[in-house]
Amino acid sequence: MLAESLFFSAVLFCIGVVGVLTRRNAIILFMCVELMLNAVNLTFVAFAQVYGVAGQVFVFFVMTVAAAEAAVGLAIIIALFRHRQTVNLQNINLLKG
Amino acid sequence: MLLQHAAAAGTHPLSGTIAEWVWLLPLLPLLGFVINGLASLLSASHLGPDDPSLAHGPHGADGHAPHDGADAHGAHGDDHHPVVRHRYATLASIVGPAVLALSFALALAIFLAMRGAGEMASPFVQTYFSWMPVGDLQVDAAFQLDQLSMVMVLIITGVGTLIHIFSVGYMQDDPGYPRYFAYLNLFVFFMLLLVLGANYPLLFIGWEGVGLCSYLLIGFWFSEKANADAGKKAFIVNRIGDFGFLIAMFLLFANLGTLSFTGVQAGAASLGFGGVLVTTICLFLFLGCTGKSAQIPLYVWLPDAMAGPTPVSALIHAATMVTAGVYLIARSNFLFSLAPVASLVVVLIGALTALFAASIGLKQWDIKKVLAYSTVSQLGYMFVGVGSGAYVAGIFHLMTHAFFKALLFLGSGSVIFAMHRAYHHTHNHDDAQDMRNMGGLARYMKVTWVLMWIATLAISGVPFFSGFFSKDEILGGVFLRARESTLAEAHLFGIPGSYILYLCYVIGLAAAFMTAVYMTRMMIYTFHGPNRTGDREREHLAEAPWVMTGPLVVLGILSAVGGWFNLPKLIPFGPLGGLEHWLEPVVGESTLRVTNGVLPEASHGLELALVVAAVAIGLLGIFYAYSQLKPDRLVPKREAPGEEGFARVLNNKWYVDEAYDKAIVQPVVSTSRGLLWRGVDTGLIDGVMVTGSQKLAQVVGWAGSQLQSGQVGTYAWVLVIGVLAVIGAFTLR
Amino acid sequence: MPEHLPLFYVFNFYLFGLVAIVSALLFVTRKSPVTAALWLVNTMFSLAALYVMLDAQFIGAMQVLVYAGAIMVVFLFVIMLLNLGHPSELADARGRGWQMAAALVGLALLAEIFALSRAQSPESLELPAGYAAREIMATGAITPVAGPLFNEYLLAFEVTSILLLAAVVGAVVLGKRRSGDAR
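Protein chains in written order, with the working numbering: chain A, 139 to 235; chain B, 13 to 745; chain C, 493 to 675.
Everything hinted at is true.
To give an idea of the interface, some chain C residues facing chain A are shown, with a C-beta separation under 7 Å as derived from the structure:
1. 513
2. 520
3. 551
4. 563
5. 594
6. 602
7. 617
8. 624
9. 640
10. 641
11. 645
12. 652
13. 663
14. 667
It should be emphasised that the hints constitute simulated quantities derived from the structure, not laboratory data. The structure presented is a predicted model; accordingly, all values stated were derived computationally and were not measured. Positions of the beta carbon are idealized from the N, C-alpha and C atoms, including for glycine.
Based on the sequences and whatever the hints tell you, model everything.
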């Protein structure tokens, strides 16, 4: 089922990308990133079945990183919201050069 | 190459003799340069480089407005000026000539060793270290001692010593006294490097070095703008010639793979007789010679070079440096004898220069200018000699010319010295070098007068003086080679070489006539007739001190008997063909090659006829000048009217400088100013490149800053498009 | 992986795959963050089912526990904490043109990934068919993952713990209300 898994994975990843490109809500953007990570995880698992179990170990690490990222990212969003009263990224351009 | 040198040195008859000390020859003047240069530097802080207002030496009279501005205040008629002698003057006047004298003594010892060593077929090459080992290029710091370089070394150190001694008197009160000797010593060092170098690059170092010293000494009184300009002119004009020399070296290396004289000589035959390549090489070499040795078209710097001190004119711009081109051709005889067309060019240019410069000399009033054009003219003779394959004649004339022209210049220096002194005493600001201000000096300067007449007779080719033999040999050589030689068989611009050589012979005779005329004119105007210096000045005219007349006497003797070094067969006594025999190992083969293997033998009658013709021309010139010139009618310069008619053209040197200015200098200047400065520099480089790159950076920076909207969404878009591009690149691979 | 998969297995694999995709599509198109988050949870559950079917039972369990359980719950908490319900926050999607462009980009990316996935991997690297399943039969679901994790990747594992510590500290610092803040 490698081919099917890769197909699903690719579609999910692209949906995540489209989400990032179309949405402006910081939290939804964040969730789109999580979706992309999950899509990659599916690839890892599918390949682990064919090429050895190390792929599953990487999924494990990805999950850990995703958890850490969620913690920090959400903390940032909260801080941002506290500052601007919004999570709409259109209204946030502190990085403007 | 190295092994070959070592082997040659191991078995050479000169190894183990004093010739091993040849390296000391140039090092002695270099030592003098260092000592005098230090003396000059040490005192620079005390006295300033050369404040012309402090100058009390004779240079104030050297053709330009006198420098004695400070004395203008001393109108109370005080004759005892505070003479500022340099604090290290004594040191310099000992060290300067002494190193030269030592060098000359060593040269003499080596010469005697060479005589004692008997036949010396191959040159004595001493390799000291590998100088430029670059890929295939192997250039050693090596000295080559053979008969030709020995002659040159003796001339340079011998005449150089005399001129150094003369300078002690001439320059005595100059503020830059040690600097002068430093330059002079450095010049001798480079000149010896030039003649002793065993390969073309080393010769070139000497070549450039003497050019540098020439520049430094022409502009010795650099606070006067004209002098500095003359120095620059010499330097720039010489660069044109050096370009040719460099190209010739490149061609030699590219085709023969070596630049040492022995190597090139061995490989020269492979270039083929009369081939395009060897002709090109020779023509480029000759271009170098036209610069250094002041031939048409690059002669213009030499007359201006008279801005330097007169002993410098004697040493550098008459006796030694300007003959470097003649030496180069004699040294490269193995190349020129293979290129008859190039040799024809050399002969033709030499002959034309001889005639042209002599014609200008006819109407010059500045005593040094007359001698300068005379030098250019005589150098032309030398090129006629070496160009036509009569290498020995060319070198012989180089030698005798070194004697009598050094004598003439030093004599003129002595005259200028006296004139300047006289003017100095009375605060007269007249030109001390103009012959119209002289006249009748024979009464005041007996020794100089006699000696200068000897030199004049020598240069005019009066029998049994040195110049007679050498000039006669050149003219005879050309005439004989016009009948039978490779040159005569060659064609230049479709004209048979023999016609050209005959023409050059006639030109040579005409130039000889003019030489006799202008020299006699110079002598008559300077030493005979009434004195025009001025009534008050007259009583201050006096002979120069012995330190100046001493060298003159030696040179006078040499000018009189110098012909004995190479007596023609016509003379039934003495050491026949001494120089010819001496130089035979160096140039003999090439001489024979030019003459198709047979020595040019003239029948007794023809040879006698040639000699008689040359002598008659010379005597006719003297007689003509003597009968036509009226020194009584001359008036001092400030009252003299301008020249009229053709004399004016000659007086203005055929307007060559003006023509060069119009044809070359002004177009270059206007191109530089209009196109290169305004267009390229200001427009392209400053405008487009400098300001443009700044503008470009500004625009790019502005565009980049516009991308930084601070919008995460925009960044995400850019990122994704980048990912698309990268993955696309992988996909399409 | 057996040569001939049972129809039941294949059916379920496609089913969960389609559910995951449809849920993901619904996730990115919902306006309300809460709804979107719930659809994402649905996607993650489906993925967990796929993991199990791909002989990765342990990862499937972790997917449910960590992702669907922990991370998504944190997301929901934050959404509710910030009370992102009012209309200005809801209308967050870009305009139609942007959406079309994003769809184009997404399709292009998909095409590129398909093109890349056609690359052939060397045969020698592949395990024999059904190897993973047999190993799980023999040693249980945890051992094959735990072996490499605590041997070859031990250093990475330990570094991960430091990463988590740093994330915890960072989250606390960022989330703390400072006295200088406006409210």
